[in-house]
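Fit chain P to the given chain R structure using the hints.
Protein chains: 2
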Amino acid sequence: MFSQFPMDRGSRIVAEKLIIQRMKVVLGIDIGGTNTELGLVDKDGHILAESHTKTLINQPVENYLKELKKAMRSLLESRGDCELVGVGIGAPNGNYYKGTIDNAVNLGWGPKVPLIDLLKASFSVDTWALTNDANAAAVGEMIFGGAKGMKDFIMVTLGTGLGSGIVANGQLVLGYDSFAGELGHITAVPGGRDCGCGYKGCLETYCSATGLVRTATELLAVKRIASPLRDIPYNKLTSRDIYDAAIAGDEIATEAFNFTGEVLGRSIADMMTFSSPQAIILFGGVAKAGDLLINPLKASLKIHQRSMFSGRELEIKVSELDGAKAAILGAAATAWQLVK
Amino acid sequence: MFSQFPMDRGSRIVAEKLIIQRMKVVLGIDIGGTNTELGLVDKDGHILAESHTKTLINQPVENYLKELKKAMRSLLESRGDCELVGVGIGAPNGNYYKGTIDNAVNLGWGPKVPLIDLLKASFSVDTWALTNDANAAAVGEMIFGGAKGMKDFIMVTLGTGLGSGIVANGQLVLGYDSFAGELGHITAVPGGRDCGCGYKGCLETYCSATGLVRTATELLAVKRIASPLRDIPYNKLTSRDIYDAAIAGDEIATEAFNFTGEVLGRSIADMMTFSSPQAIILFGGVAKAGDLLINPLKASLKIHQRSMFSGRELEIKVSELDGAKAAILGAAATAWQLVK
Chain R
-4 MFSQFPMDRG
6 SRIVAEKLII
16 QRMKVVLGID
26 IGGTNTELGL
36 VDKDGHILAE
46 SHTKTLINQP
56 VENYLKELKK
66 AMRSLLESRG
76 DCELVGVGIG
86 APNGNYYKGT
96 IDNAVNLGWG
106 PKVPLIDLLK
116 ASFSVDTWAL
126 TNDANAAAVG
136 EMIFGGAKGM
146 KDFIMVTLGT
156 GLGSGIVANG
166 QLVLGYDSFA
176 GELGHITAVP
186 GGRDCGCGYK
196 GCLETYCSAT
206 GLVRTATELL
216 AVKRIASPLR
226 DIPYNKLTSR
236 DIYDAAIAGD
246 EIATEAFNFT
256 GEVLGRSIAD
266 MMTFSSPQAI
276 ILFGGVAKAG
286 DLLINPLKAS
296 LKIHQRSMFS
306 GRELEIKVSE
316 LDGAKAAILG
326 AAATAWQLVK
Chain P
-4 MFSQFPMDRG
6 SRIVAEKLII
16 QRMKVVLGID
26 IGGTNTELGL
36 VDKDGHILAE
46 SHTKTLINQP
56 VENYLKELKK
66 AMRSLLESRG
76 DCELVGVGIG
86 APNGNYYKGT
96 IDNAVNLGWG
106 PKVPLIDLLK
116 ASFSVDTWAL
126 TNDANAAAVG
136 EMIFGGAKGM
146 KDFIMVTLGT
156 GLGSGIVANG
166 QLVLGYDSFA
176 GELGHITAVP
186 GGRDCGCGYK
196 GCLETYCSAT
206 GLVRTATELL
216 AVKRIASPLR
226 DIPYNKLTSR
236 DIYDAAIAGD
246 EIATEAFNFT
256 GEVLGRSIAD
266 MMTFSSPQAI
276 ILFGGVAKAG
286 DLLINPLKAS
296 LKIHQRSMFS
306 GRELEIKVSE
316 LDGAKAAILG
326 AAATAWQLVK
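Listed in order, the protein sequences are those of chains R and P. In terms of this note's numbering, the first sequence opens at residue -4 and continues consecutively. In terms of this note's numbering, the second sequence opens at residue -4 and continues consecutively.
Extracted from the complex, chain R is given alone in its bound form (with noise of 0.2 Å):
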């Protein structure tokens, strides 16, 4: 009697708990200007469920919010067996500290949309995450990705764009006004290239798939080289053109890379002189391309490199997050990070 009592007590604490804990997950949602990806991720970086749903932009964000709303009930009811224990959003111009969308003139929603605020209330769960994009990747990259353990690093993404998010002391760097972490305007060059933003030359005119493309440009003028990026026109030459040809040993093409990796191995030895990371994770499409660009970008650094930060060496490390799957991470990753 007195042997028996104590295991039937134990094996219905064990019945019970099988049926409370369910495995914890939380929403990631990319909001990117054409498309919005959706992902249940859990704590280990898995993606259990995936869709996606239009970004309707340039109309009331209200016609958005019911697509976004039923795509999020929808992708958490094919997964009832999960529980809900956050949701993380990465958004262009996304505000950490105050959950909204201010002036992303490329959604056409207005000056400021209170997204998490207009979504909290159909969703019973206590935490939320807004960053933009470029901060989510960093945050995902630290916490499912290649720079897991490490506390002072840069995330760059080499897309259209440059973007970049900064970790300093195991923290992503947001500033005053959450809009820290602005490395594709740095100066590369005074005076240098027209940038969307207003200014001359902004490191993103010339190191992103747009500013690798300008910069063949500029050398098919320079040059009297023959190369078959000659016979593409402006508006249709894209990077991978560029990889392509360089990778049949065109050397316009090439030197386009070179002088990409020099200018951003001389940014990166000034981001060095402001928060000295461990590394410099390199992420988007122009990054695939390897060798072509890191070892131009490596040499670059080590002339510029500054002597008081000499005796060792910065890692420079491609993303290890599959592309089409890290903005969900990130996004996730965000309120992950979070979650008591």
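Keep in mind the hints are simulated off the structure, nothing from the lab. Yeah, the Cβ is synthetic: ideal placement off N, Cα and C, and Gly gets one too. Among the clues, some could well be false.
The following residues of chain P were derived to be distant from chain R, with all beta-carbon distances above 12 Å [to be verified]:
| hint | residue |
| --- | --- |
| 1 | G27 |
| 2 | G40 |
| 3 | L43 |
| 4 | L51 |
| 5 | N53 |
| 6 | Q54 |
| 7 | R74 |
| 8 | G75 |
| 9 | I111 |
| 10 | S117 |
| 11 | K143 |
| 12 | V168 |
| 13 | H299 |
The calculated lysine to aspartate or glutamate pairs, modelled on EDC-like cross-linking and capped at a C-alpha distance of 20 Å, are [stated by the list, open to error]:
| hint | chain 1 | residue 1 | chain 2 | residue 2 |
| --- | --- | --- | --- | --- |
| 14 | P | K107 | P | E57 |
| 15 | P | K195 | R | D172 |
| 16 | P | K297 | R | D172 |
| 17 | R | K283 | R | E257 |
| 18 | P | K312 | P | E246 |
| 19 | R | K283 | R | E315 |
| 20 | P | K143 | R | D172 |
| 21 | P | K146 | R | D189 |
| 22 | P | K320 | P | E45 |
| 23 | R | K146 | P | D172 |
| 24 | R | K297 | P | E45 |
| 25 | R | K143 | P | E257 |
| 26 | R | K297 | P | D189 |
| 27 | R | K195 | P | E257 |
| 28 | P | K312 | R | D172 |
| 29 | P | K297 | R | D189 |
| 30 | R | K19 | R | E57 |
| 31 | P | K65 | P | E78 |
| 32 | R | K312 | P | D172 |
This is chain P only, laid out in the frame that chain R set:
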């Protein structure tokens, strides 16, 4: 009987407290190239006692340590009514993580001095902190000065060179190796003036006491305007001479300040893209020039500040701390930050 007993017990407790609760102080130590300043600092930033000793450079560090310990002991004995709860030290190339002074060429003590370990054995106190002077100044400003309550700001010290301490999320940005915040060496003019660090065009070759002298000298060569500065040889020319001439209406001197402010404003716009601080706090000799520097700086910042930060004005403040005491307060503040 019953009413007296609790009273007696109460007054006995009060008396014991009077004996036990001595005023808590931190010993702040600023190690300069010539002198070491020491001060006992309470938690409100009052310096209760001060002393100094020579910094014995270019000889075995043991000689200096003997003198330093003597100075520390005698200062502590002078205020036996205080309880020492921490020691904070500001020193060139102070490594916060390791408590060592690394490669401080000016001090001539070899590649690595384990300063905290060498002092710890002689003083029974738990909290020790060591960082470089510019970082200490930033923490001093945050705990005791004009940055009280700010979580994101950059302290820029315009002395012989340009030192900086960056605070983000309420914490010093130290970086992977504790050597973050070297903004004196961010690129101001690519390929520009030779810098002591071996690079060219670093910010401190333009914006510092030395930079101001170099600018004035360049202007003497470029312009044909009469100036009292033409009678002073380069090796004797000081930022003070240039300040006095500017105040007296000298065009060359005024123009030198304008150019310094212009370059600093441009670089501060770059710093903003990094950590988007609430304020820049200026400190040091050249900052005392006030409007002569601040007006062209603000005008330049207005031109160069990127559009994503438009709509907000970055605060440009001159430190409120007394220059002579700031180094001691800063050193003490780094330890006060850690006292439980």
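Status of the hints after comparison with the structure:
The beta carbon of G27 (chain P) sits about 19 Å from the closest Cβ of chain R, which is more than 12 Å, so the claim that it is off the interface holds. Here G40 (chain P) stays apart from chain R, with its beta-carbon at least about 24 Å from theirs, past the 12 Å limit. With a minimum CB-CB distance of about 32 Å to chain R, L43 (chain P) clears the 12 Å threshold, and the non-interface call stands. Chain R leaves L51 (chain P) outside its interface by the beta-carbon criterion, the shortest separation being 24 Å against a cut-off of 12 Å.
Look at N53 (chain P): its CB is around 20 Å from the nearest CB on chain R, clear of 12 Å, so calling it non-interface holds up. In this structure Q54 (chain P) is separated from chain R by more than 12 Å, as the shortest Cβ-Cβ distance comes to about 24 Å. At the 12 Å boundary, the C-beta of R74 (chain P) stays outside the reach of chain R, the nearest C-beta of that chain being 34 Å off. Look at G75 (chain P): its CB is around 38 Å from the nearest CB on chain R, clear of 12 Å, so calling it non-interface holds up.
With a cut of 12 Å on Cβ distances, I111 (chain P) stays outside the contact zone with chain R, its closest approach being about 20 Å. S117 (chain P), annotated as away from the interface, keeps every beta carbon of chain R farther than 12 Å; the closest lies near 31 Å. Every C-beta of chain R lies more than 12 Å from that of K143 (chain P), the closest at about 15 Å, which supports listing it as non-interface. Interface exclusion of V168 (chain P) from chain R breaks down, the closest Cβ pair being 5 Å apart, not more than 12 Å.
With a minimum CB-CB distance of about 7 Å to chain R, H299 (chain P) fails to clear the 12 Å threshold, and the non-interface call is violated. In summary, the hint linking K107 (chain P) to E57 (chain P) is supported, as the alpha carbons are separated by about 13 Å, within the 20 Å threshold. About 33 Å separates the Cα atoms of K195 (chain P) and D172 (chain R), which puts this hinted pair outside 20 Å; it is violated. Among the hinted pairs, K297 (chain P) with D172 (chain R) is consistent with the structure: their alpha-carbon atoms are about 18 Å apart, no more than 20 Å.
As the CA atoms of K283 (chain R) and E257 (chain R) are separated by approximately 17 Å, the hinted pair is consistent with the 20 Å bound. For the hint linking K312 (chain P) to E246 (chain P), the alpha-carbon distance of about 26 Å lies beyond 20 Å, and the restraint is violated. Between the alpha carbons of K283 (chain R) and E315 (chain R) the distance comes to roughly 11 Å, so the proposed pair stays at or under 20 Å and holds. Restraint check: the Cα-Cα separation between K143 (chain P) and D172 (chain R) comes to about 18 Å, which is no more than 20 Å; the hinted pair holds.
Proposed proximity of K146 (chain P) and D189 (chain R) is contradicted: the alpha carbons are some 33 Å apart, above 20 Å. Taking the CA atoms of K320 (chain P) and E45 (chain P), the gap is near 10 Å; set against the 20 Å cutoff, the hint holds. Our distance criterion of 20 Å between C-alpha atoms is met by K146 (chain R) and D172 (chain P), whose separation comes to about 11 Å. Restraint check for K297 (chain R) and E45 (chain P): not satisfied, since their Cα atoms lie roughly 45 Å apart, outside the 20 Å limit.
Using a Cα cut-off of 20 Å, the hinted pair K143 (chain R) and E257 (chain P) is violated, with the two alpha carbons roughly 41 Å apart. Distance hint between K297 (chain R) and D189 (chain P) is fulfilled; the C-alpha atoms sit about 18 Å from each other, no more than 20 Å. The straight-line distance between the Cα atoms of K195 (chain R) and E257 (chain P) is roughly 16 Å, inside the 20 Å bound, and the hint therefore holds. The straight-line distance between the Cα atoms of K312 (chain P) and D172 (chain R) is roughly 18 Å, inside the 20 Å bound, and the hint therefore holds.
Annotation: proposed proximity of K297 (chain P) to D189 (chain R) holds, straight-line Cα distance about 18 Å (limit 20 Å). Straight-line distance between C-alpha atoms of K19 (chain R) and E57 (chain R) comes to about 29 Å, which puts the hinted pair past the 20 Å bound. Proximity of K65 (chain P) to E78 (chain P) is assessed by CA-CA distance (about 18 Å); at most 20 Å being required, the pair is judged to hold. Distance hint between K312 (chain R) and D172 (chain P) is fulfilled; the C-alpha atoms sit about 18 Å from each other, no more than 20 Å.
Comparing the model with each numbered hint stated earlier shows that hints 12, 13, 15, 18, 21, 24, 25, 30 do not hold.
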